[in-house]
Amino acid sequence: LSDELARDPASRVFVPLGEALRKQGQLDLALKVTTRGLERHPHFPDGHDLLARIAVDQGDLQRAFDEWDMVLRLVPGHHGALRGMGFVCFQQGKLPQAEQYLSDAVARGDTDEGVALALANVRAARADVRATPATSRAPIDARREVRLPAGTTHDPRFLFADVLSDAEQTAMLLDSGGLVLAGAYVAYDGRDVAQEVGAELSGVTDAARRATRHLALGEWTSIVFETEVAVVAMAPSQGDGLLVLATSRTTPLGLVRRLLDRCSERALKWLGGRV
4 LSDELARDPA SRVFVPLGEA LRKQGQLDLA LKVTTRGLER HPHFPDGHDL
54 LARIAVDQGD LQRAFDEWDM VLRLVPGHHG ALRGMGFVCF QQGKLPQAEQ
104 YLSDAVARGD TDEGVALALA NVRAARADVR ATPATSRAPI DARREVRLPA
154 GTTHDPRFLF ADVLSDAEQT AMLLDSGGLV LAGAYVAYDG RDVAQEVGAE
204 LSGVTDAARR ATRHLALGEW TSIVFETEVA VVAMAPSQGD GLLVLATSRT
254 TPLGLVRRLL DRCSERALKW LGGRV
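Residue numbers (our numbering): 4 to 278.
Just to be clear, a hint being listed does not mean it is correct.
DEER-style ranges, computed between Cβ atoms [stated by the list, open to error]:
| id | residue 1 | residue 2 | range |
| --- | --- | --- | --- |
| 1 | Arg76 | Asp31 | 22 to 30 Å |
| 2 | Ser179 | Val78 | 46 to 54 Å |
| 3 | Gly112 | Val227 | 35 to 43 Å |
| 4 | Asp69 | Ser179 | 35 to 43 Å |
| 5 | Asp69 | Lys272 | 20 to 28 Å |
| 6 | Gly112 | Ala13 | 16 to 24 Å |
| 7 | Gln103 | Ile226 | 33 to 41 Å |
| 8 | Lys35 | Glu229 | 27 to 35 Å |
| 9 | Thr253 | Ser225 | 17 to 25 Å |
| 10 | Ser106 | Gly206 | 40 to 48 Å |
| 11 | Thr230 | Ser205 | 16 to 24 Å |
| 12 | Ser14 | Ala210 | 47 to 55 Å |
| 13 | Glu42 | Gly62 | 21 to 29 Å |
Hints listed in this document are in silico derivations from the structure and should not be mistaken for laboratory results.
Yeah, the Cβ is synthetic: ideal placement off N, Cα and C, and Gly gets one too.
Could you build all of it, start to finish, from the sequences and the hints given here?
Below is the structure:
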């Protein structure tokens, strides 16, 4: 693909090349290739769609939204753009807008099971928010005030919403006993199984600490597990707590570690009452 693009800079092969680079985690190079391609093909929707997905991987949700908005202008009803804009709104905690975009995708014939599950999840989250009195949405530690990023809800489940970059990524923060303080763990069928997962992981921090000390490796800072269906990363948190991040099996490990670092930083600020 690189050779073909070198022979013909005006070729639209920049899209599959940029996508390959994105999947390899070479986001800066993918961005460069895609941006140059769009300079020659400014009205090519596939190019803007790719640029949006690169922006998501880089954590720039607003740019991703703007690029998908451009795709919709070029191709009204574009399934990928509607999905993407719904995803961005969900990540930002803008549940009504997320429901609208995902509903539009389904209404326009998008039969992807992931879209249907995402829509069901958004509707369930909206129902929970409507059913929960505002006074009962305070965090477990009533001494600190929760202030999430502008535009998001005050529900601790969305603490990492603007940090994660893909619908198949989820994160949660546990206390020393395995209770969920913030975040969520969404299963393949759309259910939030954070409490169940947290209970199973309640002893991980102590076990990891014992293992690293026994092996004279020093204090543990993170651990990554690759399974057949997912990549799970963990890091210790304040008070013997645990941060858990799960992504799809295809997520580059470099991106997994960057996401874990971002989630750790967000958790640290939240626990200190500075978010």
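For this session: Take the C-beta atom of lysine 35 and the C-beta atom of glutamate 229, compute their distance, and say whether it sits inside 27 to 35 Å.
Result: holds (29 Å)
Exercise. Does 33 to 41 Å hold as the CB distance between glutamine 103 and isoleucine 226, or does it fail?
Worked result: 39 Å Cβ-Cβ, so the 33 to 41 Å window holds.
Problem set entry | aspartate 69 paired with lysine 272, Cβ distance criterion 20 to 28 Å | holds (27 Å)
For this session: Mind checking the hinted window 16 to 24 Å against the Cβ distance between threonine 230 and serine 205?
Result: holds (20 Å)
For this session: Just tell me: holds or violated, for the beta carbon distance of glutamate 42 and glycine 62 against 21 to 29 Å?
Result: holds (24 Å)
Problem set entry | Supplied distance hint 46 to 54 Å, evaluated on CB atoms of serine 179 and valine 78 | At roughly 50 Å between Cβ atoms, valine 78 and serine 179 fall inside 46 to 54 Å, so the hint holds.
Exercise. Do the Cβ positions of serine 106 and glycine 206 conform to the proposed distance bound of 40 to 48 Å?
Worked result: holds (42 Å)
For this session: Just tell me: holds or violated, for the beta carbon distance of threonine 253 and serine 225 against 17 to 25 Å?
Result: holds (20 Å)
Problem set entry | Outcome of range test on Cβ distance (glycine 112, valine 227; 35 to 43 Å) | Distance hint for glycine 112, valine 227 holds at roughly 38 Å.
Exercise. Per the hint of 22 to 30 Å, is the separation of the Cβ atoms of arginine 76 and aspartate 31 within bounds?
Worked result: holds (27 Å)
Problem set entry | C-beta pair aspartate 69, serine 179: status relative to the range 35 to 43 Å that was hinted | holds (42 Å)
For this session: State, for the Cβ atoms of glycine 112 and alanine 13, whether the hinted interval 16 to 24 Å holds or is violated.
Result: With Cβ atoms ~33 Å apart, the hint is violated.
The structure fails hint 6 only (numbered hints given earlier).
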